[in-house]
Structures are given as C-alpha cells and as structure tokens.
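Chains as they are written, first to last, in my numbering: chain U, -3 to 249; chain C, -3 to 249; chain Y, -3 to 249; chain P, -3 to 249; chain S, -3 to 249; chain V, -3 to 249; chain R, -3 to 249; chain D, -3 to 249.
FYI, nobody ran anything at the bench for these hints, they're computed from the structure. Among the clues, some could well be false.
To be verified - With a straight-line cut-off of 20 angstroms between C-alpha atoms, the simulated EDC-like cross-links for lysine to aspartate or glutamate are: (1) P/K144 to U/D30; (2) Y/K70 to Y/D7; (3) R/K144 to V/E72; (4) V/K144 to P/D30.
Next come the chains, spelled out residue by residue.
There are 8 protein chains.
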Amino acid sequence: MNRDSLKALIDGIACGAVSREKAFERLSSLDYEDLGFARLDHHRALRTGVPVVVFCQGKSDSQIIDIFTALAEKEEFVIGTRLSPEVHGRISPELPEHGYSPEAKVVWRGEAPRVEEGFVAVLSAGTADIPVAEEAACVCSLLGSRVKTFFDVGIAGIHRLLSIVPEISGASCIVAAAGMEGTLPGVVAGLVPCPVIALPVSVGYGTGLSGFSALFTMLNSCAAGMSVVNIDNGFGAGYMAHKINSANRKESD
Amino acid sequence: MNRDSLKALIDGIACGAVSREKAFERLSSLDYEDLGFARLDHHRALRTGVPVVVFCQGKSDSQIIDIFTALAEKEEFVIGTRLSPEVHGRISPELPEHGYSPEAKVVWRGEAPRVEEGFVAVLSAGTADIPVAEEAACVCSLLGSRVKTFFDVGIAGIHRLLSIVPEISGASCIVAAAGMEGTLPGVVAGLVPCPVIALPVSVGYGTGLSGFSALFTMLNSCAAGMSVVNIDNGFGAGYMAHKINSANRKESD
Amino acid sequence: MNRDSLKALIDGIACGAVSREKAFERLSSLDYEDLGFARLDHHRALRTGVPVVVFCQGKSDSQIIDIFTALAEKEEFVIGTRLSPEVHGRISPELPEHGYSPEAKVVWRGEAPRVEEGFVAVLSAGTADIPVAEEAACVCSLLGSRVKTFFDVGIAGIHRLLSIVPEISGASCIVAAAGMEGTLPGVVAGLVPCPVIALPVSVGYGTGLSGFSALFTMLNSCAAGMSVVNIDNGFGAGYMAHKINSANRKESD
Amino acid sequence: MNRDSLKALIDGIACGAVSREKAFERLSSLDYEDLGFARLDHHRALRTGVPVVVFCQGKSDSQIIDIFTALAEKEEFVIGTRLSPEVHGRISPELPEHGYSPEAKVVWRGEAPRVEEGFVAVLSAGTADIPVAEEAACVCSLLGSRVKTFFDVGIAGIHRLLSIVPEISGASCIVAAAGMEGTLPGVVAGLVPCPVIALPVSVGYGTGLSGFSALFTMLNSCAAGMSVVNIDNGFGAGYMAHKINSANRKESD
Amino acid sequence: MNRDSLKALIDGIACGAVSREKAFERLSSLDYEDLGFARLDHHRALRTGVPVVVFCQGKSDSQIIDIFTALAEKEEFVIGTRLSPEVHGRISPELPEHGYSPEAKVVWRGEAPRVEEGFVAVLSAGTADIPVAEEAACVCSLLGSRVKTFFDVGIAGIHRLLSIVPEISGASCIVAAAGMEGTLPGVVAGLVPCPVIALPVSVGYGTGLSGFSALFTMLNSCAAGMSVVNIDNGFGAGYMAHKINSANRKESD
Amino acid sequence: MNRDSLKALIDGIACGAVSREKAFERLSSLDYEDLGFARLDHHRALRTGVPVVVFCQGKSDSQIIDIFTALAEKEEFVIGTRLSPEVHGRISPELPEHGYSPEAKVVWRGEAPRVEEGFVAVLSAGTADIPVAEEAACVCSLLGSRVKTFFDVGIAGIHRLLSIVPEISGASCIVAAAGMEGTLPGVVAGLVPCPVIALPVSVGYGTGLSGFSALFTMLNSCAAGMSVVNIDNGFGAGYMAHKINSANRKESD
Amino acid sequence: MNRDSLKALIDGIACGAVSREKAFERLSSLDYEDLGFARLDHHRALRTGVPVVVFCQGKSDSQIIDIFTALAEKEEFVIGTRLSPEVHGRISPELPEHGYSPEAKVVWRGEAPRVEEGFVAVLSAGTADIPVAEEAACVCSLLGSRVKTFFDVGIAGIHRLLSIVPEISGASCIVAAAGMEGTLPGVVAGLVPCPVIALPVSVGYGTGLSGFSALFTMLNSCAAGMSVVNIDNGFGAGYMAHKINSANRKESD
Amino acid sequence: MNRDSLKALIDGIACGAVSREKAFERLSSLDYEDLGFARLDHHRALRTGVPVVVFCQGKSDSQIIDIFTALAEKEEFVIGTRLSPEVHGRISPELPEHGYSPEAKVVWRGEAPRVEEGFVAVLSAGTADIPVAEEAACVCSLLGSRVKTFFDVGIAGIHRLLSIVPEISGASCIVAAAGMEGTLPGVVAGLVPCPVIALPVSVGYGTGLSGFSALFTMLNSCAAGMSVVNIDNGFGAGYMAHKINSANRKESD
C-alpha cells in the first residue's frame, strides 16, 4: 500500500464505500503474503524504491523455488543473492525465466529502469576479492546503474591504482572491495571527489580475522567521504552505490 | 595542483618555459605546507571537492592555533572537529574570524557554496546520542547542505519514528545516530527510499561495548540501502551525507 | 492511543465527526510529546502495561528536570533510574513530590496498583553485588510486586544458599545478581521451581571482564528455567520479574 | 526425595524405624542413578517442577539409548533435544514409545499435564531462524503450554510485524528468535504487554559473529520486559516461556 | 558443623535428646551469621581447612569494620586482602589487634599453625610485578608456610633466573608472577621438579591487554607441572601454594 | 646431565682428565638427541622428575614412530598424548611394547614408580566432558598416582555432587573437568580441603566460546585453593595433580 | 619505470622526442600488465629491490598458470607461496622451468644474486612449527641469503636452545618460529646480538587462539631487537630476514 | 661474562688458578647485581651488543634513582624510557650527569659509538603520532645511528608521502608510526627498497581499539619487507632500526 492508496482508503471510509471492519483490518495490516515459512513483502518497492531481494544462502531448494515462484506472480523484478552454482544447477529448471551470474552468485527475473547518466566504479584490491566485488557490480547493474570494474588495483603497487584515478574520478560512486589489511578504500577516498563505499572481504589469514581487520581499517580511515558495509556484503555495497548513483535524478525522470 | 595545472606544466616543459630541474621537482611532489609537526594539504579541495578538516582532539593548543593560522592564509574554507568548549575558550582570541558550535564541538572559518535543493535528515535514537548527531548535522550544514534534525525517535516507542517517516522520506540522505543496541538505522532504512548513513554512538553500558554492539547491529542489518561509519564519527557521517546530497547535481551548477 | 480509541476514531471518520485531514494526521502519528531533546511516550502504559521509565545517567540536570516536570503533568506514575545521590541532591528541590532511594539510585512519583499475591525474591551473591540487586528490588517493588531480599548467599559457602532454598522456592520469580564468575543463578535455577532472572554484575577484576564472565556463565548454564539481562541492568531484571509475578493474574483483578 | 519424605525420614529415625547408618546414608545423598558415564536425576521433577531433559548432541548412540532406557523405567515424562534426524533414524528402533519432531530435533516419551489457559507466541525474524524457533515451540508445547507460531516477521518489513501485534499481544509470553542483527525481540517488547524471551540465532555472516551480534543487540535493548537466553538455545527459551505461562496458576489446579 | 557434630545430631534424634523440629532446622541449615549485607561463614575452616578470607576492595569502611569485628568474636584467625593503605589508615583504630602489610595490602588477626618443613618460593619477573607477588607471599606465609622471595628474575636476562635455579629447585611449590608476555613461569616449570603456580600480572601496555597476554602465555605453556590463577590474584596463588606445601603432611601432625 | 655429573666434569677439567675443548663443548651444551625434526630431551627426568611426554597431534605417522623408537632406546618410561585411535591403529605394529588407552588417547611404554599413599579424584561435570577427564585420569595414573573417577556430577543436580563430597574430601588433589559454564570446580573447591585443578572443556555452543566461558568462570571463582589449566588440557591437569599427590612424600621413599 | 627512466622521459619531453600526449599518459600511469583478474607489477624489482611474489592460496589453477606464464615472459626471477602439493601436481606440466619445495609450499623460476657473506638462522620451537619455518627458510634462501635451520629448540628444554646460541649468535638475522605460547623468539633475542624476526605459528589449541597467543607474547616481549610478522607468515619473515642480511652491503657489490 | 672470559675461566680451572668451588659458582651464575627489587644485568652489552634499558613507567621515584645510581657505577652507557617530565622534574637533581628529552620521555647517561654511514628515517602518519615517533628517533639516535624525521606524511593526502619517497629510499631502515587505521607503513614498504619497522600508535577512537586496528593492519599488510612492534613501543622500533642500520658493518669497524 502506498500513500495514495492510504488516502483512498480514508476517503472510502468517509463515504461508506469501505466498511468499518474492513478499514480496521486494512489499517492494522499492510500487504504481504504468508508462505508459512516466509512472508513476502509485496509493497517494498513502493516503500523503499527497490524490489524484494532474497538471501538464498541457508534456505532449502524447495523454499527458494517456492519464494521465487510466488514472487514471480506479483512482482515484476526480483533479485536473489548467494545462490551457489550447485544449487542453481538443481533448481534452474523450476525457474525458467530467471537470469543467473555464477561469478556473482546472483539470480534475477525482470528488469529495472536504467539510470542513463553516471556510473559506479567497482574496484577490488586483489584477485581473491573479485567474487565479492562481482556481487556488488552485478547487483548494482541489475538495479539499473552503469558499472565499470577495475580488479587487482591494491596499494602494494600503488601505481596500479594511481593510473586509474583519472577514470574512476568521474564515477558517481565507487565501491572498493579489499581483504587482508583493507587499505584500498581509504586511499581511494583520499584521491577522488565522489563518495566511496568500503567493502571488507573475508580474505586473509592470521590477524586478518576473517575480514575484521579490513573492516576496522576502513571504519578508522582518516579519509572522509567513505562509509562501510558488512564483511563480504557485496549486495549491500552494490545496492547502496546504486542508491547514490540514482540520487537526486528523479526530477529528470 | 589540479589536472589543468598538470597539463600546463607539461606544456611548460615542452616549450622550455619550465626547466628540467623544476619539472622534476614539481612532478615528484605535490603542493603542501610543512609546519614541522603537520603538513597542510592545500590542494585537497581540488582533488576531493571538500576542504581540509582538522581533527583537533589530541593536539596541543599551540598546534591548533598554528594550523588554523596557516590554513587561514591559503584556504578560503576550513573546518575543525572535536574542539572542546574548554580548549575553544582558551584559543578563540587567536582565531578571530572563526565560528564555533559548542553542541557539535566544531570550529570553522569561511563558507561553502550552498546546495539549493534537497536536504539531509539527521536522527538520534535517544537524548544521549544528540552530541554526536549534532556533529554530523553541523558538519553537513557547513559543507553546504540543508539539514533537518529529529531527536529521540528510537524504536522503544516506534510510533515516535513512524510519525516522522513521511517527512524524512523526502530527504536526499538520512543520518541515523544510535547507541546501546543501535536498532534505529536499520528500521529507518526499511521504511524510506533514500540512502541511510548509520552512525553508532558509544552510549550504553555492559554489553553495549562502548558502541561496538550498535556498530555490529548496523553492519548486520538486513535492511538494504545503508552503510556505516566509525563509532562516534559524526563528522564522517555528516560529510558522507553531504556528498550524497550534492551528488549528481553538477549539471545544475 | 489504545485499541478502543482507535475504534472510536474509525467510527468518527465513518460518521463524519472526524475530518479526513484529522484522520490522516491521527492515523499516521501516535501520541507523544516533543521536548526538542526528548520525545515523551505518553501512551506506553496503555501499550505495554507499564509506565515510562527514564534512564537518567548521561542526561544533564536540566534535561532530567524538564523530563520529569513534563511527565508529572500527564502521567500518574513515573520511574527514573541511575540517578546518583549527587545529582539528586542538586535537583530534588525541583521535583517536590518525588520519592528517592539512594541505595537503588531510583527516583519515582506516584504509585502503581499492588499485586496482592506472590512475591519476588532478589538475591545477591556477594556484598559488592548489592547496589545492582537493590535497583532490581526497588523497581520491582515500585511496579507493585512484593519483594524479599537475600544478600551475600553466593556459592563459595553453599550452605548459605541451601538454607534459604525453602523460603525462595515459594517465590513467583527470583532475581539472582552475581559478579565475578556469576555462578549463583544457575545453582539457584537447579534448586527451585520458579523462573529465575539472572543479573550479571560488573564486579571483579582480570578475567572477570567487567561482568562479561558472569554474563557468559549465566547464558551457558545447564540449568533450565532461567534467562538473562544486560550487565548491571537491575532495572531490567526487576521489571521482568514484576511482569512474571503479575502474569496470569488479570482474571482476579 | 521431596520435603514430605524428608519429614518422614526424620520421623523414622526418631521412632527407630530407620537405623542410624541408613539415616546417615540417606541424609548425605539424594536420589539419583549412576550409569557410569551419566548420573540420572530422578527427583528433578519434584524439585523444579519439570522433568529431566537430555542434551543429546555430543553423546554416542549407545549412551543416548542407555539414558532413555533407564529413564523410561523410572520417569513418566522425558524430553531429549538436539537429536539429529540421522541419529534418530539409527536409534529409533531401540526407543519404541518415543515421539520425535525432525524440525525441532526433539524426542520425547510420555505427556505433561496441559496448561488450559493462555498461550505462548513463538516468532522468528527470518526463514533461517525457524529451526531454532521450532525447538522452542516444540519444547514449550510438550511441557504443556499452548503455542502459536509466527515465522518471518522480522523488522526489514515492519508491517509484517505490526499486523500480528493484536494477536500476539494476547499471549502470556512471547519467544522471539532472530539472527543477524537480532532486532526483532526489542521491537516486539516495545509493543506488547507480556514478557518477551529473546532468542538469538547463529544465522548470518561477517559481523554477525555467529549470533553474538544478535545476542548483544538483545541484551542492550532499551525495551523493558525482556530477557535473553544463550545463542541457539531454543530449548531454554521454550522452557522459560512455559514456566511463565504456567506461573501463578497453581491455585486453579 | 563438622562430620562429628552431624553424627552427634543423628544420635541425638535417635535417643530423643533432639526434638524433631530442632533436627529439621539444623539439617536444612548450616552455620553462618547474617549481618544483613554479608553472611559470615563460621565453619569454613572445618570444611576446607582454611579460615574465612575477606576481599576488602569495593566494600565501604563501615562494612569492613563490621565484618572484622563480627569475625573477631567467633574466629581465631582471619585474613583480609586488597585493603589499601589509605583505607587501613582510616579504619585501623577500629581493628586494634590486627596486623597489616602495606606492600601486600593484607590485614590479619590471629595466627595459623606453622608448616615446619618445606618452603614456597615466590618469584617476580620484573620490578612492577612485585606488589602482586608480595600479596602471594604474605598470604602464603600467614597461612603457615615458610616463604622465600626472588624478585626481578625475568627471562630478558635469563642468567638471573638460572643462577637461582639450584635454590628454588628445593621448594615444595613455586609461585611465579609475571606481566607483559608472562614467559617466566613456563621457563621455570621446565627447570624445576616442583609444581609451579603461574600468576599473571596486569602490567604492560598495548598488546599486553591488561594481563591477558601473560595469562594466555601461561595457559599455553608447553612446560608441564604448572597451573594458573586469575590475573593479579596474588591471594589465590599464595593460598594454592600453601595447600600444596602442606599437602600430604598430615601424618606428621 | 645432573648436578653430580656437572661436579664430576669440573673435577675432570681440574685433574686434566677432560680436555679444554671437550669441557667447552660439554658446558655449553646439555644432553639431547637431534632427529632433525625433533630434539629429544633425554635428561628431563633428572631435571623435573618426570619423563618426556610427546604431544602426538599434528605430527605425521613416521615422525611419531621415529620419536618413540628413539626414546625407547634411551628412556625407560615414555608417555604420548592426543594419539587418535585411527593413527594408533596404523602405527601400533611399529610400537610393539607400548600400551594404549582409546578413551584417553594416551600411549605409553614402561612404568613409573607408584605413589603408595593418597589418591587423586577426577570429576567430570557432564557426560561430554568425560574424554578430557579420562586423559587427566590416565596420565595421572601412569605417572604413579592412584586415581578415582566420578563422572556426570555437575551442579545442575547439586545433590549428585553433595553425595560424593565425603569420598572426594579424602583425596590429595581433585581434578574437576567442566565445559559450558564451568561451575563445577569452584563449587567443589568450596566444599573440600584439598587443592583443586580446574580443567575447562571445549564442550558447549554459542556463548560457551569453545571453552573460554568455562575457563573464565574457573579463573574468576571466589573459592580459594584452585588453579586452572588450558582448555581441554587433560594431560596438564593430570600431571599437575600427580605432582601435588606425590609432593612432600620424598622422605618416605 | 625507475628514476633514470623518469629523468629520460623528462629529457624526452623537453627535446620534443616525446609527445605531450605520450608524456601525460606515461606520467600518470606506471608500468604494469592487466590480465583482467590481476595486474602484474613489472617494475617492483626496480622499486623495492625484490621481485613480484605471488600468493597462490585462493587462486584457481588457471589463474595461477596465467600469472606465472605472463611473469615468465617479462621477469627473470619469480616466487610463488602457499602452493599446495596437490595444486602443484596438477599445474606443474604447465610451468616447465619452475622449481618447487613441497615442505615450504614455494614455487619459483630463475635465480637471485647471492649474498656471499653472512647467514640467516631459522629456528622452530617445535616439530609442528617446521612447515612455517621452512617457508621462511626457503624464501630467504631463494632471495639470495645463506640459511641455516635449527628445529625443535623451544624453551621447554632450554638447554637445547642454549647449546646452539654460540652458532646462531654469528647470524646476521634470526627468524624464530613458535606456536602455542610463543616464548622462543623473546628468549633468543635476550641472548644474541643480531636482530630477531618473531614468527608466530597457528599451532596449539584452546587459549592458543590459533596463533594469537603466540603473537601477543612476541609483541609484548621485554627483549629488545625483535619485531614480528603476521601469524604463519613464513614468507614475510624470510623476506624481511633477507633484507636485513643484505642490508648495508651494497658498497661491496 | 663474554666468550673470552669463559675460555679464560676454563683455562684457569685447568691450570689450577681457579679453585673448583669458585669455578662451580662462576659457571652456574652469570654476573648481575641484586638491589632487592631489581637485578641489574651488567653483562647485557657483551651479550647482545646494546646496554641495559630501563622501563621507568610504573616504578617509584626512589626505585628509578636507585637503579640509575647503581648503573652509573658499573655501566658507561644507560638509557631509560617512559620517564614523564613530571617525574624527571622531581628526580633530576639526583641524576646529575643524565641527559633528558621531554618529547621522547627518554633519559640517558654516556654515549654510544656512532654508526658513521647510513641513516634511519622515522615517519609519523599524523601529528598525534609524533610522541611515539620521537621515542623511536631518540632511542635510535642515542644508540649511535643517524636519524631523519618526517612527520605528518599519512596517506590521507598521499602526495605528502610521495614527495619524500626519494629521500627516504636512501635510508638503511625506516620506522613508520601510525595510529587509527595504520596504513602508512604498508604503503611505504611498497615504495622503498629498505626494511620497514611498523610502529602502531594508540591514537584514535571507536574501532581504533586503542591501536589494535593499526596493529592488525600492519601485520596483514600485503607489502613485504616489513615487521611490527608492540603498540606505542617507540623504544622497540628505534632499537630494532638501529640494529638493522648497524648490521653487517662490523668489518669496517
């Protein structure tokens, strides 16, 4: 239910078109669908501007199939993350109209309106950070933003980064993924004018602490114009980057 | 040095107007000023679009005075954070043209160009979170964004939050400050279309872990469209919010 | 607003007594009072059955006075916690009709209905745990429950505990406060039939970890019928104990 | 041994029916059965009002069979938790009169008296939290309470929760299971009058810290009337909820 | 009550000298004294062989005076730890027959029987570890053991340690106190035949983690014949060392 | 080399029987055997009174065989710990005269002199703690002490523990193994006169923190006469208990 | 690009041999090769004096092959670490001129100039620390330093260490690898005149904390002349040791 | 005692010039002086090449005076660290021939031989890191190395660092001090050929974790040729840097 339908409902009560019982039921409950093990939030797009996104990891094959099948009936655009190639191989026959990226482990159905201007740059510090960076890039792209990727530009050889600064400086937003000591995003944020989303990756060993060392480096960074998402949360970074890339453009729509 | 002056320098070398020694010196060193204990970065505004910001905490009175005095000669707009009222009381005679907000502990000189459209909403979950929220609001406003504040809207009484949703939904970006369990930003992000900057606050006791419990809550939030800054980093949140609020508006400039 | 007034509002819309604009305003906003730095939640009692409780620590003298003064006008019963004797000494002239317990650091105004049957037993493992146990006992008593206290009954001399088992076994609920290794609540829960609220206390040194060692002991306890509140959260323990003591008695009211 | 049999024993000593040696033995030792690797506590029901509950995880097949066989001879009602379907498949022929729930991983034999009035509501924030919530619901139901379950009502789409508030407000006690950032229980506790048992779940990744982030969120919650059990401890939550649901009803028995 | 008096009680019941009511009261409660804020355990010496020890830190002056005054009436030998010289200066007039060591911060009254044979060696790694080592040495000596101290024998100059090995090898037990990296006890345990009590000290900075680094070093030590007490727990180390020094000597008494 | 042979060496130098080169070599190097990957310490028994103990976990089959074969030639008594039944099955043909306990995962060759008097009591809190307790019991027994075991005596049903207090009070030393919240050793130490070795076990889940919760409980225990070994270090506990049991008995040998 | 080629470039611009466009491109980008998933840093040797080192763990077989193949074309000397024997078995046919050490898990191609004087001593505390020590020794040797290894010289039998002190005292640098409590490096640093690189190893259990206990011991060591690398980072230790061994020798080259 | 005097002693025994008793005493004990609370290690210079260094923090005024007075009699060169200006002000009259640096908080007496060639570069990332960097620079210089300092060259404005790369590339060793996210040392190590000592500083707030975030960043750094010392351990960094700067120069002495 969006704000217009709320006003319509009030009009309906006032003019008698909507009974009091009905009104009470509608007003105390918003629209969703109960599958027993999941309640699908069919009006999220109206509320937050972006469709339902399903976190597939930890759900059974049949739960995933049921959720996407139910969503397919009511939603025009759906995204699922953390769907491994193994699971996708087993369930893809049940989801005939869905696309899938094995690098990003993302599944989707339908298409979002494109943001025509601007682009998001997605960087990875090393080769091992690429899968998480790919999730960010894929989600951001599916949501409608143009995306350019730059992999293995970590600061151990800082000239690799400096050489791409001119290009990434033109982005609306940068996602910088890094594991180990997680230095990349802070260095980038000190060199470019656009906001930077720091994406810590659970790559490393010992004091890498499964990504916590990278996370804390990013949170502590002295460079301003940067904020951070959860470890390995490529989805969250890509989603936030799309929001920033599409921000303040509504008037041109 | 910005990109144009780099090109001018190359032209100068090619046409002989700049000697080789001078070129080598300029190319291997960018512009800053060395005070001995601090190196002032006079071209940050050209590089990242925002002026130098001085973190005053932990610096001596005379260091602060020297830094602001040196900056005042070359920079048109300067911000300093974490300047306690006690220190400000002692040094304000030496910094005659600087403004100061005791709530936000922010000092500044000069003025930034205003972003005419849009606004940033700054929320605090409780009363104790207000000082950090004020730092975010003050910095964001000084940088040029319009700011509206909404304090004590935490979810213990969720109707307090729901009642302001219509108003904050119109923001370009929301900063949500919360200590203790830090739930506010995630709930907000599930209700509004704009990006949310989560700002954990070191308020609480016991398992509050000086803000870490709030920080982890925010990083883990299932709600998308949110990213996080360091504990008590009101400056970082306000800066990021301004970047988002001013994003993609260049064409109207 | 309670459920009856919601129904009345709907009736009012239907019969025209309430304008559409008014209805929209009322429905999208529940009742609270905005002091600028705090939003007082005047219908909490209707919603959760217990009045507003003010956490005084970290608030300025004038904020505390303003909050209690505002609450005094609309609420019949108010509790404030963590009000130190020093602060109380300064502000008590401004809060003329309020009671105060220096042991529990609790302030209050008005009176709750009494729960006539049953009682809550509040135990402390050692002498140093008493202040937190007193907060629990005081809050629980103010909310309307009868309370009996048993201090210094920790298990280093387990006969001290065994000798009170017959008496505490008759309680509706037991609050057991302990610092250091925090063993008391688990031992109690293995000996009595009633639910036990474990209250970790930040007493100790070294591996006591400011109460975390006690907290984890309590969460890990093999004894069933026990749940845990935050470190030093005497208020939360006393509140929960009162809820359990008054549970399922509504019919006799 | 209960209090009556203790009095009978003393009478027996006084009248000579019980020899001094026998008395010394009885008084220094209460009743249990030693299987070598386990000591079965046959009078727990008399002491705490609830039967022995066996934690099956980490025990060998033959240990589990021996324990349940020994219990079956002396106890009328027994519960076992964390019995995986694999192990149950292997040992079920040896435990012919025992029921089993594969969702909750709970095994039982016999039946508890029913609590006729009231009910316990068990909520899960997401789909992945359901197995732990099922353990809570199953244990609570076996102990004699009526249970209603509400799954996938987390706050990312808060209207899903608001729509069930009227129904769950009528519960005697609510168990709220949540992983990731663990916000659900605190939001629920701010909306309902009954006590809430917060049940953190080890679902998530990165800063989820295997359930610790949810645990700390719950312990820190500003909402009162809530207490917390160990991560993934569905048994403990269900047991505590039953104790609260059956509290203060003795007189009607 | 000791085992003999328990047998006497049973005889008293059997022969009618003790009434049934009296028997019930005695059997369900052992002997202690309730001061309101503390319950004094007057039969600990009978049970564990060592008198009551009072932890003074965190208790008020009047609580300390009341406890020692009450103990002085019933106990022949009492020890108090963590009594700072400041507090001792204020309360010593009220405790006229008590001894005090300002280095060890230990107060006592009365005298324990001496263990004539053997001795305990107390080592400190550095100068800063001496206060904690002194607490261990003082307590151990008061309990009746002979004690020799060896300070500043840490392994940074390992010849300082090697030169005392012949002498400390003759001890019945060694207490080794160390902060920072806490290496001393493990090296000692690899060189001597007697048991070693490792005593971590909260001396250091940075990764010293207030004694945790020393604690973990000691727990991990590959050298056998060593066990560990809490950080800064000189009392616990001295007490344990006395127990070991006096072990297996009963026959000579 | 023991102290006598050191004196003989000096005599040899003085009388010319030992050349200067030989003296220099002997004095700067004590006796051990270098296998390349391991250096066997053949004079440990002389130095610390107990033979070499081999930690088998993490060593290859051939390394274990080589070490035990080399030790068999020079040592009369050897112990190996953490040798899994799988590895033992593969290598036992190569170690023909070695005994093995699959419960304790301990292998040995030869025999230690027996301590005729006294005994060590080894307790486990639950069934899952038995393997670690068995390691302690097996090592302690092999070293020469008499051992009695008492399993599943945790405090959830405290009468199970109270009933064995009379028997364990006669021990020279008690080892108490416990996982989860680790309460058992502290309760035991408050009830018996002998020293207690607390042995934390990595049994549990969630806040059990793989044994750290038990470890911290034990280190924090208010009960005196107790010290602690590393998590799951049954060997260390058994070794320390034997040292205490055999302490101060030399004169009777 | 090295400093000479930078000067040549400037000369080229000045004399017109290099076009302005070319100059801009060269000056804003240094030399590397982009494989899509990796950017090879072909001038690292010129910049830091040591060739590219590839961290193979976490890369796919084909990524490793592509990287080494590309490096083989442009680099004369390459090292790869953490290449397991399994992976090496699969890919070795594709890397025909590469050497491999299965103990150190290191692969290489080409040869470094030898440092003729001095040597590096690599020590391991136990047998389980050898693989990490081997990585350090192999890398250090490949880079050109002479290396001597001394395994199983931990301080549990300190004479094993003392006997090698004369020999290792002659080293230019010592690498000391240790797990568990990590004491070895600090003891060594107190005995020798050369710098010591402490190398913590993730060997141990319980409070070993996967190498963190060893790491903190090393960082806290009171012995000076020591610094520390990441847990299990044999490569980093060997590389640093080579840098120290080859330091200040340039003039003799 | 150095190696020559050991050989002389053996000669003395062989030729009868040294009695057997004397030999035994000398061989089992090396040279130190016992002040009761401290044992001064008078032969450390012979053993490790560097004099005794006294850690003054945590020692009483009189202990510091006694230690330096005793050292002055036997040692030609002594250093003390962490001596605050307040303490120095009180004790300086007692230490007449000692130098003192208030910035570095270092006291010294005597002079070390100078290392004529090479230099050590000491960098600080920010202004707040200067005191710790000064300690490193002062110690390194006192030990005999030439030192150059470069303050406030952190990577937030990376051109400040790049401009000094040519100069610091000529150092024998670099010490890089940084707090907050601690990125500086890793970036430096990727740009220079000499070894880098990373020095984490406890500057920052929130997730800075009192220097642990910087420490972990440094340990995780992908850049090779770097090792790390304890948080705030300027002394250790300066000492190690001097050892590296003076390494392999012996032949020129």
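Right, here's what the structure says about each hint:
| no. | hint | in the structure |
| --- | --- | --- |
| 1 | P/K144 to U/D30 | 15 angstroms, holds |
| 2 | Y/K70 to Y/D7 | 26 angstroms, violated |
| 3 | R/K144 to V/E72 | 34 angstroms, violated |
| 4 | V/K144 to P/D30 | 15 angstroms, holds |
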